[in-house]
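K.L.:
Protein chains in written order, with my numbering: chain H, 1 to 183; chain L, 1 to 135.
Any given hint might turn out to be false.
[As the list claims (entries may be wrong)] Reference listing, derived: stretches of chain L covered by chain H, where coverage requires no fewer than 3 residues with Cβ under 8 Å from a Cβ of chain H:
id	segment
1	10–17
2	29–36
3	58–66
[Claimed, not checked] DEER-style ranges, computed between Cβ atoms:
id	chain 1	residue 1	chain 2	residue 2	range
4	H	E12	L	E55	32 to 40 Å
5	H	R91	L	A97	42 to 50 Å
6	L	S72	H	H48	19 to 27 Å
7	H	K73	L	G58	18 to 26 Å
8	H	R80	L	A100	54 to 62 Å
9	L	A32	H	A162	19 to 27 Å
Hints were generated in silico from the structure; no laboratory data involved. Every residue gets a Cβ at the ideal spot worked out from N, C-alpha and C, and that includes glycine.
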Amino acid sequence: MKPAADDALDQELMAAVARQDGRAFARLVERHLGWSLRFVERMVGGRHDAEDLVQTAFLRVWQGASRWEPQAKFSTWFYRVLHNLCMDHFRARGAPTAALDEALPDGGPTSEEQVAGAQRGARVRAALASLPERQRAAIVLCYYQERSQVEAAALLGVSEGALESLLARGRAALKKHMREDLH
Amino acid sequence: MDLSRFKACAEAYGADRRRWPAREHALYDRFAGTPEGAASLAEAERTDRFLEGFEVAGPDEALAETISNLPSSRRRGAGAAGGVVRRRFWLPAAAFAASAILGFAIGFAQVRDDGNADLVTQLLLGPESILEIGL
């Protein structure tokens with residue numbers, strides 16, 4: 001899912017947040033929580049860690065809004081905050097791990113279809129978790145988050161050519177993972 | 001050479017034309033219908049389908065509410081932290097005052113009423129000291 005496109009509204013909201021406007025902050029959360037949580041969960045592989053990291057990121061928005069200068073889109077700046085938090089998380093905890101129970105819905109009966117879907121999801125989590133961080137980030141940004149090559153390259157601090165190389169190597173590693181999974 | 005570039009793009013960006021860089025769309029259109037191009041796209045599509053298996057649920061209401069309320073909970077947290085700091089300051093201060101009063105009372109109880117010694121000196125130095133220095 002793409003981040004909300006209304007950059008002017010984001011700027012207005014950030015200006016209000018800088019004045020400690022709690023309602024503006026809540027609007028900002030409403031607009032950006034969905035995509036940011038999906039991004040971080042695919043990066044770190046687990047829901048609980050993702051929720052903690054996204055909460056930390058929004059706290060930084062609240063605390064740092066007065067220092068924020070709208071040179072870039074809010075979503076681009078927020079992606080960078082989230083990405084840096086993920087990198088800090090990897091440094092502190094090591095590479096992500098993916099467990100099937102993370103993919104299973106909490107409580108209640110689960111149908112065969114749900115279990116199969118969860119198992120499929122767990123295989124992809126595991127495959128993504130096995131990738132080097134930058135390859136994983138490139139795939140998450142370009143494939144799942146549908147960021148443009150220009151934006152994804154800027155977020156990762158690489159050229160577009162280097163981004164293409166990260167994507168190609170990441171996808172090749174996933175293919176290998178898929179083959180091993182079948183045997 | 002164009003075909004090898006097409007294959008490189010399929011390996012990096014997958015089978016969906018929308019994920020390719022805009023400058024390569026013409027290349028996509030040129031080779032997607034050819035046997036070699038279609039084979040590259042079919043291979044890339046398998047990886048795309050694999051990736052699609054990782055569905056992530058949206059945030060639940062509780063998380064949205066918790067994050068939206070961060071500013072007010074921080075304010076409450078700051079107040080509580082201030083309270084903790086104040087309690088921590090008063091506890092040793094009260095203990096110090098209590099021990100000073102108790103010490104003074106014990107010292108006062110030990111003062112010997114010999115009529116000669118100055119009361120303040122006795123309280124400060126103690127009755128034994130007064131005897132030693134011959135007051």
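K.L.:
Each hint should be assessed against the structure and marked as holding or not.
P.N.:
Each hint, compared with the structure:
1. 10–17: Result for this restraint: holds, n = 4.
2. 29–36: Three-residue rule not met by the segment 29–36 of chain L, so violated; n is 0.
3. 58–66: Held - the segment 58–66 of chain L has 5 residues with a Cβ nearer than 8 Å to chain H, which meets the minimum of three.
4. E12(H) <-> E55(L): 32 to 40 Å: The hinted range 32 to 40 Å holds for E12(H) and E55(L), with Cβ atoms some 33 Å apart.
5. R91(H) <-> A97(L): 42 to 50 Å: Because 49 Å falls inside the window, the suggested range holds.
6. S72(L) <-> H48(H): 19 to 27 Å: The hint (19 to 27 Å, Cβ to Cβ) holds, given that S72(L) and H48(H) are roughly 24 Å apart.
7. K73(H) <-> G58(L): 18 to 26 Å: Taking Cβ atoms as reference, K73(H) and G58(L) lie about 22 Å apart, which means the hint holds.
8. R80(H) <-> A100(L): 54 to 62 Å: holds (57 Å)
9. A32(L) <-> A162(H): 19 to 27 Å: With a Cβ separation near 26 Å, A32(L) and A162(H) satisfy 19 to 27 Å, so the hint holds.
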